[in-house]
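**Student:** Next come the chains, spelled out residue by residue.
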Amino acid sequence: MADMIIKNGTVYDPLNNIPGEKKDICIKDGKVTDKIKEKDATVIDAKGKTVMPGGVEIHAHIAGAKVNAGRLMRPEDAWMGKVPKGKLTRAESGSSIFNVYATGYKYARMGYTTLFEAAVPPLLARHTHEELEEIPIADKGAYVLMDNNWLGMEYIKNGEIDKLAALSAWFLKATKCMVLKFVNPGGNEAWGWGKNLIEVNEHTPHFEVTPAEILNAFAEVNERLGLPHSIHVHCNNLGHPGNVGTTIDTFNAVKDIKPGRSDRKAILHATHAQFHAYGGSNWKDVESESKVIVDYINSNDHVTIDMGQLMFGDTTTMTADGAMEYDLHKLSRRKWINCDVELETGSGIIPVRYSPKVAVNTVQWAIGLELALLIKDKTKIALTTDHPNAAPFTKYPEIIALLMSSTMRDGMMKGVHESIKRTLLPSECAGIELTLEDIAKITRGTQAKLLNFVELGKGHLAPGADGDVAVYDIDPDKLDGSRNPDQIINAFRKAIYTIKGGEIVVKDGEVVATPMGRTFIANPEIDESLNKAMLEDLTEKFVHYYSVNMANYPVQSRYLRNPFEIPLKPSKEVA
Amino acid sequence: MNPDSTIVTDVVCPLCGSLCDDITVRIENGKIVEVRDACDMGESKILGHDRIKSPMIREKGELKEVSYEKAVKKSAEILAKSKRPLLYGWSSTTCEAHEKGIKLAAEVGGIVDNTATVCHGPSVIAIQTVGLPSCTLGQIKNRADLIVYWGSNQSQAHPRHMSRYSSFIRGFFREEGRKAKYVVVIDVRDTTTTNVADEFIKVEPGHDYKLLSALRAVLADKADVLPDDVGGVPKDAIMNLAERMKKAEFGVIFFGMGLTQSRSRYNNVVNAIALTRELNQFTKFVIMPMRGHYNVTGFGQVLTWETGYPYAVDLSRGYAWYNPGETTSTDVLNRGECDSALIIASDPGAHFPGKSLKHLSKIPVIQVDPYHNPTTEFADVVIPSAVAGIEAEGCAYRMDNVPIMVRKLIDSEYKSDEEIIDDVLNKVMEIRGGK
Chain A
67 MADMIIKNGT
77 VYDPLNNIPG
87 EKKDICIKDG
97 KVTDKIKEKD
107 ATVIDAKGKT
117 VMPGGVEIHA
127 HIAGAKVNAG
137 RLMRPEDAWM
147 GKVPKGKLTR
157 AESGSSIFNV
167 YATGYKYARM
177 GYTTLFEAAV
187 PPLLARHTHE
197 ELEEIPIADK
207 GAYVLMDNNW
217 LGMEYIKNGE
227 IDKLAALSAW
237 FLKATKCMVL
247 KFVNPGGNEA
257 WGWGKNLIEV
267 NEHTPHFEVT
277 PAEILNAFAE
287 VNERLGLPHS
297 IHVHCNNLGH
307 PGNVGTTIDT
317 FNAVKDIKPG
327 RSDRKAILHA
337 THAQFHAYGG
347 SNWKDVESES
357 KVIVDYINSN
367 DHVTIDMGQL
377 MFGDTTTMTA
387 DGAMEYDLHK
397 LSRRKWINCD
407 VELETGSGII
417 PVRYSPKVAV
427 NTVQWAIGLE
437 LALLIKDKTK
447 IALTTDHPNA
457 APFTKYPEII
467 ALLMSSTMRD
477 GMMKGVHESI
487 KRTLLPSECA
497 GIELTLEDIA
507 KITRGTQAKL
517 LNFVELGKGH
527 LAPGADGDVA
537 VYDIDPDKLD
547 GSRNPDQIIN
557 AFRKAIYTIK
567 GGEIVVKDGE
577 VVATPMGRTF
587 IANPEIDESL
597 NKAMLEDLTE
607 KFVHYYSVNM
617 ANYPVQSRYL
627 RNPFEIPLKP
637 SKEVA
Chain B
229 MNPDSTIVTD
239 VVCPLCGSLC
249 DDITVRIENG
259 KIVEVRDACD
269 MGESKILGHD
279 RIKSPMIREK
289 GELKEVSYEK
299 AVKKSAEILA
309 KSKRPLLYGW
319 SSTTCEAHEK
329 GIKLAAEVGG
339 IVDNTATVCH
349 GPSVIAIQTV
359 GLPSCTLGQI
369 KNRADLIVYW
379 GSNQSQAHPR
389 HMSRYSSFIR
399 GFFREEGRKA
409 KYVVVIDVRD
419 TTTTNVADEF
429 IKVEPGHDYK
439 LLSALRAVLA
449 DKADVLPDDV
459 GGVPKDAIMN
469 LAERMKKAEF
479 GVIFFGMGLT
489 QSRSRYNNVV
499 NAIALTRELN
509 QFTKFVIMPM
519 RGHYNVTGFG
529 QVLTWETGYP
539 YAVDLSRGYA
549 WYNPGETTST
559 DVLNRGECDS
569 ALIIASDPGA
579 HFPGKSLKHL
589 SKIPVIQVDP
599 YHNPTTEFAD
609 VVIPSAVAGI
619 EAEGCAYRMD
629 NVPIMVRKLI
639 DSEYKSDEEI
649 IDDVLNKVME
659 IRGGK
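Each protein sequence line maps, in turn, to chains A and B.
Under the working numbering, the letters of the first sequence match residues 67 to 641, in that order.
Under the working numbering, the letters of the second sequence match residues 229 to 663, in that order.
Isolated chain A (complex conformation) (with noise of 0.2 Å):
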């Protein structure tokens, strides 16, 4: 591959405080470095063009079986999306939930280079690594549900807390997944007899534990584990008018946790904070709560958030909270997939069509938009749709516009319900603008940082960091971001250029190279007498209630094609 130089572009590199900067950036063998022999080099004239690190999305639905049950029963969805193949690209299909295909190449379009899926349920893990396997471009990761695992849920019950420690590290391995992800937890085992918790001190039947037990103690486990990020956990009570006590329950329940590693304050990392930030009592008098979230996480350190961000439009919603679902079900009577997952997690599906007409949709999409503005270290709030729940991920250009505009904000407010009164949008937020440098932060930074992949070479274009660089045709310099929102909305659709690992992957908007990337996984070490001891109860499991041998359990490492092992830092309390 040759070198690269992108010469004279406007450099947005915030974890590495360049906010906005004109410079060279060179890469070498795939890597920013210093300085290379330009006349050998690839040379990408960016002047007048905005640079920033490739993006990183830190939570959406992208492969496995809840996506694909939402693509088999929405025909409609994929119809809406298709693009014919090109000389180089697979034919596209999806507007909300895309073929493997369609969601590299969009991906990539806008600049992003970096995947994690946020929901794996254990024993359907092969599934989601044989689409991730089948995702062009990006590097990907993916997040393992341990919210309602039965062993897991003794253990927290007798308080050995050493064998949850081995239990995770079972099943991250067994699942090649490498952050513990937890969804309704307790609730899910719940739905199981078709109930749910809703608060954070409710037990879960037979098994008697709470959501604050369980996510204590798993967050303990994560710290002792050394993992990059912290635990990433979608709260109990999600959708509920009413439902922001939950959620601030929630973050106090990890409280007394201390962070294993030195790089990293938070304990906690609470996904889509837009599902959870809701005053009022009932669907009329559903109210913004965004500010009780604003205030926590401007005042504490231990728990970082994404937006989770609201669009008007059909999208489909997916989840591992099963029991939601079934609440979106009867709402709207719209067709309905649940899929319970034995001794471990549930999930649901259905399409939804958001309306500014409608008081909580209104109210919804304000929340997601306050929490971004209004939430003061850009470095706790990651810009995500809880792709496709919230909105595609193919919004994220509008997102960014709406934030960097209030012009574009006053506009849409003239055209939604009136219980826009009801949020901060028109009164806290009004005038509030972010700068490119924030965008920068929210969009890559950030879930670099709270992934803990800065060393490894992500959300940043220090000499070492990855060659993954997005190019956008904004000049910052001649940019009026208030008056021209649809310059922004553009640029951020289309990059100029992606650049991944050195190679050029998409110019002018259009995919001009598919190379596969990566797939990030994490081993943590057990003392082997700890994992022996942990092994045998989990042994029981599998020969009395699982329905698939422990044997053929694990996924073999030939649905890898390129794994990368992340270093971990395990805490000294892990022998």
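Treat the hints as calculated values from the structure; they're not laboratory data.
From a predicted model like this one, the values you see are computed outputs, not experimental measurements.
Using 20 Å as the maximum straight-line C-alpha spacing, the simulated PhoX-like pairs for lysine-lysine come out as follows:
# : chain 1 : residue 1 : chain 2 : residue 2
1 : A       : Lys151    : B       : Lys328
2 : B       : Lys328    : A       : Lys153
3 : A       : Lys113    : A       : Lys88
4 : A       : Lys101    : A       : Lys113
5 : A       : Lys151    : B       : Lys331
6 : B       : Lys643    : B       : Lys298
7 : A       : Lys151    : B       : Lys311
Add chain B to chain A, keeping to what the hints say.
**Tutor:** Chain B alone, transformed into the frame defined by chain A:
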């Protein structure tokens, strides 16, 4: 025991959609000589039987043995010059072969379809209409106290299903196994499954839809509109079953081709799913199609993530086009549209309607299969393959969408389906690139 004998445990059976993964086999001198714990059908497949010995090409009406290279070249030539090739089958091979096959279909602009088209295709249409409240089989094993088999003869079609996942198995909340469950069979006739049920409800052929509607009426407190008899089932029995469903802690309906391929077809399944949905107002209830071939589910998965649709996909436009009734294999064949067909890991010769077969007999047909079957009788090119799950490894999806890797147990002189399709694809690209 023979000193050369090797025991392999946790073998995955590549026969039916139950995908049992607890089989033990004994191998001696590169041959499987003993199979433990499989059902008779599975054992017979794993032990192996008559194989197609050599690649063949039909000349003057007779299949003549040829080299592998020649058969691949002939196959590629047929596909490369076709205007509307059909690539059909796939349900008894691995997902890796599916991926290659879909790539080949995209390359030649063909229609790609699998056996669901004549099996659970109507279930897919139903899911696309109303969804599917379901779960994995272990969830049923551990929780279900009411099991309904509707239009599916488990004990014949999926012999170990009842002992591994449903009626007989002990589960975490069902320690007493069979005693802890009430088992209902709804069918048009007495079967070997009805023998082990607590209750057999005999419905007149073609009246399943009405019976489902009657149950829904009872749930909706509209029992007074029911006549004394619905499809041959007395009103009392309907009332009792509805009550039993409401009172179950965890209920499940397993349905088979008695619903999907009888009168009303996909509407039966829509109605069964709607019933299941409504039962969730009262308790936990799920529903699951009894998928036949061991990897029919896997093909649906792969085709969906590759193209957005689960079967009957027409790739002639450059993008994927899905329209069951138009793009389904039997319909395309009945209209006489296809000008060639590649048939892999299935036997339309035994299962397609006469009109479809008539057209297949007129066009060049390529067969890739380990075994001689009725399709071989009209195939023009025959390429024998290794048996996936015995002689080649790869991914398969159980009827509940749980993916399990099937193993390679013994060597084969034949290439795997995946390799064969890849060879044909490369040859096609070579031919087309040369144009």
